[in-house]
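Asks: The sequence shown begins at 1 in UniProt numbering and counts up one residue at a time.
It should be emphasised that the hints constitute simulated quantities derived from the structure, not laboratory data.
Do not rely on the hints blindly, as some may be mistaken.
[As the list claims (entries may be wrong)] Restraint ranges, calculated between C-beta atoms of paired labels, are given here: (1) 309 - 15: 42 to 50 Å; (2) 4 - 39: 49 to 57 Å; (3) 4 - 265: 49 to 57 Å; (4) 191 - 409: 43 to 51 Å; (5) 4 - 404: 22 to 30 Å; (6) 17 - 265: 57 to 65 Å; (7) 407 - 265: 47 to 55 Å; (8) 92 - 263: 21 to 29 Å; (9) 250 - 275: 26 to 34 Å; (10) 238 - 271: 41 to 49 Å; (11) 342 - 248: 45 to 53 Å; (12) 314 - 230: 17 to 25 Å; (13) 83 - 33: 31 to 39 Å; (14) 326 - 30: 27 to 35 Å.
[To be verified] Heads up, simulated DSS-like pairs for lysine-lysine below, C-alpha to C-alpha not over 25 Å straight-line: (15) 85 - 345; (16) 267 - 282; (17) 141 - 340; (18) 251 - 267.
Even glycine gets a Cβ: it sits at the ideal position worked out from N, Cα and C.
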Amino acid sequence: MPKRLSKMISDLLPPVDLTELLLEINAHTGFADEFFHASEASARVDDLPVSISAVLMAEACNIGLEPLIRSNVPALTRHRLNWTKANYLRAETITSANARLVDFQATLPLAQIWGGGEVASADGMRFVTPVRTINAGPNRKYFGNNRGITWYNFVSDQYSGFHGIVIPGTLRDSIFVLEGLLEQETGLNPTEIMTDTAGASELVFGLFWLLGYQFSPRLADAGASVFWRMDHDADYGVLNDIARGQSDPRKIVLQWDEMIRTAGSLKLGKVQVSVLVRSLLKSERPSGLTQAIIEVGRINKTLYLLNYIDDEDYRRRILTQLNRGESRHAVARAICHGQKGEIRKRYTDGQEDQLGTLGLVTNAVVLWNTIYMQAALDHLRAQGETLNDEDIARLSPLCHGHINMLGHYSFTLAELVTKGHLRPLKEASEAENVA
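Produce the complete structure using the sequences and hints provided.
Replies: Have a look at this one:
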């Protein structure tokens, strides 16, 4: 039934251009209202949502403004789009608009069947950066002979992306895994985050516990992990043979007050997690605080491992959430089709804004699909189909075959050209804008 239901839903989804999709989602959510002028907050112009949607599409699709310019449409002239991009598109407005989409998704009954927003996953999406930029790094596996960046992004169990971080090259993901929970500005309150094996350090386990979150990485070889015992003389029965590590709770006791202060600083945003982790790991001889957090991490990682090995449903749930993140990346790749999917911004701010825009447009696609999938389910019920929540929970809003992201091609000629005349040359000011 799940595959049959998915096919029935897919057949009912109407075709839509990405341009229209953005405007339709704005009609539902008003996300364009979150974009305000950088220096004149009250400055508004006619059809600003059209201009904003065009700029968002130009950035997310990686095609630039040129294909979207229409000299006969006031909201889409070259001057209007350049002005909109310069004055309205920045991290602050992108984040606020994205939060509006995430929060709207959370209200939909179908999204609530998929999850309650308490669970999320984090994974990196790699992009080649062929331009010279200090915010890039080498990795032959992902970038070949080039350099690149990683967009480390966070996806809720409702399929919405609620935060993203640009990382030079493929710097250790574990340094950033907590930032998505602490810095995100949506109405979601995820308490458990799932990652692949790369993020599963004992220090991260310790920090998660200190901050009251559950860290749930997928472990490639859980059986090879070290299981830590707190009491050297205790009899753990059948677990004695695998409990080879000996933790030292005294280190935790000695540093307890400092650990609590550290957790408070992180919660209040006084220090970034990535900055703290780098600081804790920079010395070859770990500080007392570092050792204490690692000891806490060893204990909590051991408890997690026991649960992970014992509970097949838990392992399946982790894999399901990670697959959601990977499938969402496939949608983002389809959207970011221009310039071979390479990011050609030289500076960190530009890279963050472009990838933040990609996350926003991907959320718009997810939201549009969710709305229409709900309508399709209602239609099927009205036709007498029997549907159950278990099958509905397996549906995914990450389809995109019905969405035109490439635009339309015109095969008409201006009357002047059909008569053998040349097109008028551009004015000097237009040439400068293109450059």
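Asks: Could one say that the CB atoms of residue 309 and residue 15 fall in the range 42 to 50 Å?
Replies: 47 Å, holds
Asks: Within 25 Å, alpha carbon to alpha carbon, are residue 141 and residue 340?
Replies: Distance of about 17 Å is within 25 Å: holds.
Asks: Can you let me know if the beta-carbon spacing of residue 250 and residue 275 is within 26 to 34 Å?
Replies: 28 Å, holds
Asks: The hint says 49 to 57 Å between residue 4 and residue 265; measuring C-beta to C-beta, is that right?
Replies: 53 Å, holds
Asks: Between residue 407 and residue 265, is the Cβ distance one that fits in 47 to 55 Å?
Replies: Since the Cβ atoms of residue 407 and residue 265 sit about 48 Å apart, the hinted range of 47 to 55 Å holds.
Asks: So does residue 92 sit 21 to 29 Å from residue 263, Cβ to Cβ?
Replies: 27 Å, holds
Asks: For the hint 27 to 35 Å, verify it against the beta carbon of residue 326 and that of residue 30.
Replies: 31 Å, holds
Asks: That 57 to 65 Å hint for residue 17 and residue 265 (C-beta), does it hold up?
Replies: Given range 57 to 65 Å: violated, Cβ gap about 47 Å.
Asks: Are residue 314 and residue 230 spaced within 17 to 25 Å by their CB atoms?
Replies: Since the Cβ atoms of residue 314 and residue 230 sit about 23 Å apart, the hinted range of 17 to 25 Å holds.
Asks: Given the range 45 to 53 Å, decide if the beta-carbon distance of residue 342 to residue 248 lies inside it.
Replies: For residue 248 against residue 342, whose Cβ atoms are near 48 Å apart, the range 45 to 53 Å holds.
Asks: Given a hint of 41 to 49 Å, does the C-beta separation of residue 238 and residue 271 actually sit inside it?
Replies: Because 42 Å falls inside the window, the suggested range holds.
Asks: For the range 43 to 51 Å, tell me whether the beta carbons of residue 191 and residue 409 fit it or not.
Replies: Holds, since residue 191 and residue 409 (Cβ atoms, about 48 Å apart) stay within the stated range.
In this structure, the earlier hints numbered 6, 13 are contradicted, and the remaining ones agree with it.
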